[in-house]
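Since each chain sits alone in its own frame, please combine them into the complex, following the hints.
For the record, the sequence lines run as chains U and R.
Be aware that the first sequence starts at 1, since it is given in our numbering, and climbs by one per residue.
Be aware that the second sequence starts at 1, since it is given in our numbering, and climbs by one per residue.
Because the hints were derived from the structure by calculation, they are not lab data.
Just so you know, not all the hints are guaranteed correct.
[Stated by the list, open to error] If you only want the chain U side, here are some residues facing chain R, beta carbon under 7 Å, derived:
#1 A82
#2 M90
#3 S94
#4 N96
#5 F98
#6 G110
#7 K113
#8 V114
#9 A144
[Stated by the list, open to error] From the derived model, a few chain U residues whose C-beta atoms are all more than 12 Å from chain R:
#10 P9
#11 E183
#12 G190
#13 A192
#14 R210
#15 N227
#16 A236
Idealized CB from N, CA, C, for every residue including glycine.
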Amino acid sequence: MTENGDTTPLVVLADVNKHFGNLHVLRDINLTISRGEVLVVIGPSGGGKSTLCRAINRLETIDGGTITFDGQPLAAEGKTLAKLRSEVGMVFQSFNLFAHKTILENVTLGPIKVRGIARAEAERRGMELLERVGIGAQASKYPAQLSGGQQQRVAIARALAMDPKMILFDEPTSALDPEMVQEVLDVMIGLAQEGMTMMVVTHEMGFARRAANRVVFMAEGQIVEENTPEEFFTNARTDRAKDFLSKILTH
Amino acid sequence: MQALFDEFPVILEAFWLTIRLTLASGLLALVLGTILAGMRVSPLPVLRGIGTAYVNIVRNTPLTLVIVFCGLGLGLVLDVSFSTSLSTNYLWLSIIGLSAYTAAFVCEAIRAGINTVPLGQAEAARAIGLTFFQNLRLIVLPQALRAVIAPLGSVLIALIKNTTIAAAIGVAEASLTMKTLFESHGDAVVPIFFGFALGFLILTLPTGLLFTWLSKRLAVVR
Ligand SMILES: Nc1ncnc2c1ncn2[C@@H]1O[C@H](COP(=O)(O)OP(=O)(O)O)[C@@H](O)[C@H]1O
Ligand SMILES: [Mg+2]
Numbered sequence: 001m002t003e004n005g006d007t008t009p010l011v012v013l014a015d016v017n018k019h020f021g022n023l024h025v026l027r028d029i030n031l032t033i034s035r036g037e038v039l040v041v042i043g044p045s046g047g048g049k050s051t052l053c054r055a056i057n058r059l060e061t062i063d064g065g066t067i068t069f070d071g072q073p074l075a076a077e078g079k080t081l082a083k084l085r086s087e088v089g090m091v092f093q094s095f096n097l098f099a100h101k102t103i104l105e106n107v108t109l110g111p112i113k114v115r116g117i118a119r120a121e122a123e124r125r126g127m128e129l130l131e132r133v134g135i136g137a138q139a140s141k142y143p144a145q146l147s148g149g150q151q152q153r154v155a156i157a158r159a160l161a162m163d164p165k166m167i168l169f170d171e172p173t174s175a176l177d178p179e180m181v182q183e184v185l186d187v188m189i190g191l192a193q194e195g196m197t198m199m200v201v202t203h204e205m206g207f208a209r210r211a212a213n214r215v216v217f218m219a220e221g222q223i224v225e226e227n228t229p230e231e232f233f234t235n236a237r238t239d240r241a242k243d244f245l246s247k248i249l250t251h
Numbered sequence: 001m002q003a004l005f006d007e008f009p010v011i012l013e014a015f016w017l018t019i020r021l022t023l024a025s026g027l028l029a030l031v032l033g034t035i036l037a038g039m040r041v042s043p044l045p046v047l048r049g050i051g052t053a054y055v056n057i058v059r060n061t062p063l064t065l066v067i068v069f070c071g072l073g074l075g076l077v078l079d080v081s082f083s084t085s086l087s088t089n090y091l092w093l094s095i096i097g098l099s100a101y102t103a104a105f106v107c108e109a110i111r112a113g114i115n116t117v118p119l120g121q122a123e124a125a126r127a128i129g130l131t132f133f134q135n136l137r138l139i140v141l142p143q144a145l146r147a148v149i150a151p152l153g154s155v156l157i158a159l160i161k162n163t164t165i166a167a168a169i170g171v172a173e174a175s176l177t178m179k180t181l182f183e184s185h186g187d188a189v190v191p192i193f194f195g196f197a198l199g200f201l202i203l204t205l206p207t208g209l210l211f212t213w214l215s216k217r218l219a220v221v222r
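Okay, chain R solo, but in the shape it has when bound (with noise of 0.2 Å):
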């Protein structure tokens, strides 16, 4: 127990770590899964076909082989760049990974919510002049997101257990610093892990009660 206390700091930046993580990779997985499930509904074949085969590639891939191929594939063989620092680099490139496969699941939430959206509602978008893109901005969009909140809720706790696989390349985020905690103290394994499974729910289950809270204010009525 006492190696909790002792070690507390560290755990508390590790985890700050995976929130991080967490933030950065669930902002561009939102923003690129918006954008996949934009092009699943274009009205051009080429989109559509684009946007289907990666969510179907991406969402079949384990997410460890993604991240293991951003770190040494993208960063060592390709020679991707984002820092001087080794340490933000690689986190960096987690973060595209995590992103990545994110995204494939956000655009299926989202694109579900866009199924939601009666179809009259963006043939009268249509009918007053609004682009394919407008309709999508102003009118589909903002539905199908309102209506998609809480399986994003999922998608995000989902995300925030997946950080723990960017330890796969070295990132010190939660779960590598558990690692590295047992090996310093092996007589604590036990506390250790419950010290840092507790973080975890710390995270996950206020984040579930705030979508649900959030999807049902945001809901649109019908």
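Chain U with its partners taken away, still in its complex shape (with noise of 0.2 Å):
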């Protein structure tokens, strides 16, 4: 998955900025993703997460600076920007499966009616999906008959079936019962390893430490440090990231 020897960044964030209302929750927002990087944004709740990843497909419009993809500016609307979307996997805290559609349909869903693959392709290549993903045997199941374990890996496989350039995890595994974190993080180490570019909101710091390449701590609105996984869980830099990960670490 990775573009050999494209060494132009995927994402570009300058000086982004972002309120609602009189809350200022992106503030001078600079952040570069690598093709093929592995970037886990960590930070306390409302520090503007979630808002950063939303941003970067659009889901939320943005009030000052620039996002570049992939050498392009975010369009605005339209055509354009679902395109943009389309490129732009994303999987949610809440999975978020359309509940009126089996397990295969939501895989297939977006690579037909998006990209206007024939079925059969779309379903062929759905079924290997959910195969790698653990889930082919429930295939023709609805998503709530799925552990929230399993629900969670069909979004994956759903946001894969785009071939996007790259996935935003919104703390993925946050609404999962302890047991079944792993094998959704099993399956993400494994996107990393093939060097899927990622972005991934999450406190699991097993997963920073074995596949990102860089953390970001982000607190109110603001990037406040950025390090490799290794440096910043032992050698916090900051006091409001050494209080954050003190926080954590006593869970």
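Below is the structure:
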């Protein structure tokens, strides 16, 4: 999945600002994500992590600065925007599978309706992806019949089915029962090893240590600290980060 | 009682017209109501405004007014014509009135259904690149409609009863026919009334049961 030789960054955020009313949720965010990079975003609740993810595929508009994806500024609306979104996968905390569609239909809908791929081909590829995340046997079931961990793996397969250039993960394991966290992280680690570009909002240190190239610590709408996972978890520079880490470590 | 049997073919024909009025208006109202609901959740404020205004105006206007306007206003003054046959023309004009009126209720039922679809699903659909219309057509409306089958059943039952107002512009559905029969069988108004009332029950009760059954069968499991 790595685009060999292309060294231009995949995502560039420059001086990005975002308000919700009077609330300044993204403050002068400057962030570059390289192709094939796995970036972990960590930080206290309400710090703007979700908003950052959502701004990158423009589920949320920004009111200052620029976001460039694959060399192009984010389009405002219409076809170009839909194309951008189809190139950036997104995995949500609450899975958000389509409840009235079977597991296989969840995975083939995008390829058929957005990419215009023939149904048979989309189903073949969909089954392949479901096998890969270990859900092949459940293809004809409905989301409500699956466990949370299984649903989240389907959500990852749904994102992969679009052949995205990047996948955004917004706390993909936070809504899961503890015993299901690892099965989802394993799929994500596999993707990371294959070179998928990923931005992952998570507090799973094990994942960050094993799979991430870089950790970004975000609080109050700002990027407070950026480091390698090892350095960040053992040797955080800022008091803000140290304080946060001491809180999640005692849990 | 004898009058009821003698006039049975006439009664049957009247109810057949009631059924046709209901089916045609119901179908049109479903289409128009769905479009209105789509407008009411669209990202464009103009469309939302039009949708809201339509629903609030139409829902708060007496149906008789709407039907009389369609028959006399559209038909006679504005000369809207669907057929050279006068009765067919009034039939279509009353269908327009009934569907325009019922669409407002369909819209509100569907809008309530849209609110039952978790926002996250519409977001996930946007995130894979579906356009607003694809999102509405493939993700939101199918679930919204399945959530409001029972309320739509109530709207349909109300429509069956509301078709009687087409009598106001001379459409010979059940209630107008009943009035005609009252005049020709003055000695049998009570049996005739119960005959027609029974006819409406035969239409409305199974409709209610059918929609309750459908709503259970088609509910989206979450
Ligand atoms: N749609 C919204 N409207 C208003 N405020 C919002 C909205 N979404 C998020 N916020 C606020 O923005 C801040 C950042 O939220 P979020 O990006 O979800 O943080 P995080 O994901 O780091 O917990 C929070 O204070 C949150 O309450
Ligand atoms: Mg969040």
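Hints and how they fare:
1. A82: holds (4 Å)
2. M90: holds (4 Å)
3. S94: This hint holds: U/S94 lies near chain R, its Cβ roughly 5 Å from the closest one there, short of 7 Å.
4. N96: At about 4 Å, which falls below the 7 Å cut-off, the nearest Cβ of chain R leaves the hint on U/N96 intact, so it holds.
5. F98: This hint holds: U/F98 lies near chain R, its Cβ roughly 6 Å from the closest one there, short of 7 Å.
6. G110: The hint holds - U/G110 has a Cβ within 7 Å of chain R, the shortest such distance being about 4 Å.
7. K113: holds (6 Å)
8. V114: Hint on U/V114: holds, closest Cβ of chain R at ~4 Å, below 7 Å.
9. A144: Holds, about 4 Å.
10. P9: About 22 Å separates U/P9 from the closest Cβ of chain R, which puts it past 12 Å; holds.
11. E183: It holds; U/E183 is separated from chain R by about 20 Å at its closest Cβ, greater than 12 Å.
12. G190: holds (21 Å)
13. A192: Correct as stated: the minimum Cβ-Cβ distance to chain R is 20 Å, above 12 Å.
14. R210: holds (26 Å)
15. N227: Non-interface label on U/N227 holds, nearest chain R Cβ at 29 Å vs cutoff 12 Å.
16. A236: Since the minimum Cβ distance to chain R is about 32 Å, U/A236 lies beyond 12 Å and the statement holds.
When each numbered hint is compared with the structure, no violation occurs for any of them.
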